[in-house]
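A.B. asks: Just so you know, the sequences run in chain order A and B. Per this note's numbering, the very first residue in the first sequence carries number 1; after that it's consecutive. Per this note's numbering, the very first residue in the second sequence carries number 1; after that it's consecutive.
It is worth saying that the hints were derived from the structure and are not from the lab. Bear in mind the structure is a predicted one, so any value in this text is a computation, not a measurement. The beta-carbon is built from N, C-alpha and C at its ideal position, and this holds for glycine as well. Hints should not be assumed to be uniformly reliable.
Stated by the list, open to error - Using C-beta positions, here's what the derived DEER-type ranges look like:
1. LYS255/B with ASP185/A: 24 to 30 Å
2. LEU81/A with THR267/B: 29 to 35 Å
3. GLU269/B with ASP194/A: 35 to 41 Å
4. GLU162/B with MET184/A: 33 to 39 Å
5. SER34/B with ASP185/A: 52 to 58 Å
6. THR73/B with LEU195/A: 55 to 61 Å
7. LEU142/A with ALA265/B: 35 to 41 Å
8. ILE273/A with GLY90/B: 42 to 48 Å
9. ASP185/A with LEU177/B: 37 to 43 Å
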Amino acid sequence: MRRFALIAVPYAWLLALFLVPFLIVFKISLSDIALAIPPYTPTVKDGFSALIQGLDFENFVFLTTDDLYYKAYLSSLQIALISTLLTLFVGYPIAYAMARAPQEWRATLMMLVILPFWTSFLIRVYAWIGILSNEGFLNQFLLWTGMISDPLTILNTNTAVYIGIVYTYLPFMILPIYAALERMDDSLIEAAEDLGCSRLTAFWLVTIPLSRNGIIAGCFLVFIPALGEFVIPSLLGGSGTLMIGKVLFEEFFNNRDWPVASAVAVILLLILIIPIVLFQRNQQKQAEAEA
Amino acid sequence: MKRLSTFNITSLTLGFAFLYLPMLLLIIYSFNASRLVTVWAGFSTQWYGELLRDEAFLSAAWVTIKVAVMSSTVATILGTMAAYVLVNAGKFFGRTLFSGMIYAPLVMPEVITGLSLLLLFIGLGLDRGILTIVLAHTTFSMCFVSVVVSSRLVSFDRSLEEAALDLGCNRFEAFRLVTLPIIAPAVISGWLLAFTLSLDDLVIASFVSGPSSTTLPIKIWSSVRLGVTPEINALSTLMIAIVTIGVIAASLISKRSAVRAQQDAQTAERTA
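Looking at chain A on its own, in the form it has when it is part of the complex (with noise of 0.2 Å):
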């Protein structure tokens, strides 16, 4: 009985605040716009018959005939795409560093890895604006050492756009890899030398296979939030930087259109559904491996 109200009460409260919510904006996906509060009809007052008579799906064939949309959820992928990428080339070397350093600086360097984590992310895209607007910092130096002649034009750019990602996400990238790496056996490598590898072959061959869970777990983690993004294209990107979570929120706010912008989340989760299930695989399998 008690072990009943244990899984009871956690389950209860994701099914209510996580699935039934889904269910709604599906179901609203399909209903009209109207000019009322909530502005669509019908709504659960209107009778269960009249709850199912009314829906289509108008809303998703909206979707196809705007090119606005295919076009947002296309530079939507390919963003997130290759800010993954650039993160995992950036975190790489970090968190490979990081398992290599002396055994007593590691909590440290863990540490100084998690702390912007827990830092504001808003404040932490606000912190790029300063840096690559006009007058920004970047420029500045630039200018300074002579490198430029005129302010590069980054602010309001796609580049700012992967610059932010790859900030507030790198964390993501660095920490599953370094766990990873850090259980890896340094013989191993050892051996692969004594065999006649070269120092890249050998990582190549030895190194990057065993470190391959983290390198999935931590581009998952970038992709799947970086593809619904929505700080970062609004503040750092330009009236150019096309990415369905802006255009998500600007449908819900600004046009008011709940139809349209719940069928733009039900067409997202289905983009979303495969990651999510493959990055849940790849967790449980990790989780079996280690217990």
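Starting from the known structure of chain A, fit chain B onto it as the hints suggest.
C.D. replies: This is chain B only, laid out in the frame that chain A set:
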């Protein structure tokens, strides 16, 4: 002892410079006398004074702290329960769905969570305010808590709990007297994580907050959209300082308790 190669030292230096320089610039320029944020005009603390006189910021900060304390406390209780279920309950009906609902919110885009919760609250006829933000924050942060706590529970030796049961404890007593003290560091860091997640959240709060419940991130957002201001730099510095002190204090406490546990184990070995 191993020595780091030049390549490793370079990547650590560049990596940490990349992580910390932006925040360092923010902190330095919060003490700038000029309103122009990229021109240094001497040391001044005037922006901190102006921030502390700004009623709107202060009331937003108060709302944020109230929401964070309430949501992280409820999330810690629910998340610890969920972790216990995930690790110890074995098979039960709907287990896959349960673990799915624990892991999915960790990576779910905030715009979707925010939109779906808002539609739920409107469907239920709940007025948007502090309560709705607390409910929303509890839901996603309990998942983070349960991941942190379950990673500690996995390595927990269950025979200790069984010993307590054999010695006459009931299940709840065994949990409170044996399991909880051992997993306490994870529960505390879960609470801290939930607290900072709640402090930090902009997107979900924008969806589910009402006009009377503006949180600090919403307030920051509306002024940041207009550009960089020295007041926000000052506010950011204060928030960075609080988080840094909190994290360092927490890690010192857990280090000390680890050392004490080790000493206890050694004394136990010696007396045995």
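A.B. asks: Confirm or reject the claim that SER34/B and ASP185/A have a C-beta distance inside 52 to 58 Å.
C.D. replies: 56 Å, holds
A.B. asks: Given the hint of 29 to 35 Å, check if LEU81/A and THR267/B actually sit that far apart at their C-beta atoms.
C.D. replies: At 55 Å between Cβs, range violated.
A.B. asks: Is the gap between the beta carbons of THR73/B and LEU195/A within 55 to 61 Å?
C.D. replies: Holds, at about 56 Å.
A.B. asks: Just to be sure I understand the hint, the distance between the Cβ atoms of ASP185/A and LEU177/B should be within 37 to 43 Å; is that true here?
C.D. replies: 39 Å, holds
A.B. asks: Does 35 to 41 Å hold as the CB distance between LEU142/A and ALA265/B, or does it fail?
C.D. replies: Roughly 56 Å apart at Cβ, these two residues miss the hinted range, so it is violated.
A.B. asks: If you check the beta carbons of LYS255/B and ASP185/A, does the distance land in 24 to 30 Å?
C.D. replies: Taking Cβ atoms as reference, LYS255/B and ASP185/A lie about 27 Å apart, which means the hint holds.
A.B. asks: Just tell me: holds or violated, for the beta carbon distance of ILE273/A and GLY90/B against 42 to 48 Å?
C.D. replies: At 27 Å between Cβs, range violated.
A.B. asks: Confirm or reject the claim that GLU162/B and MET184/A have a C-beta distance inside 33 to 39 Å.
C.D. replies: 35 Å, holds
A.B. asks: Look at the Cβ atoms of GLU269/B and ASP194/A and judge whether their distance stays inside 35 to 41 Å.
C.D. replies: 40 Å, holds
Of the hints listed earlier, those the structure fails to meet are numbers 2, 7 and 8, in rising order.
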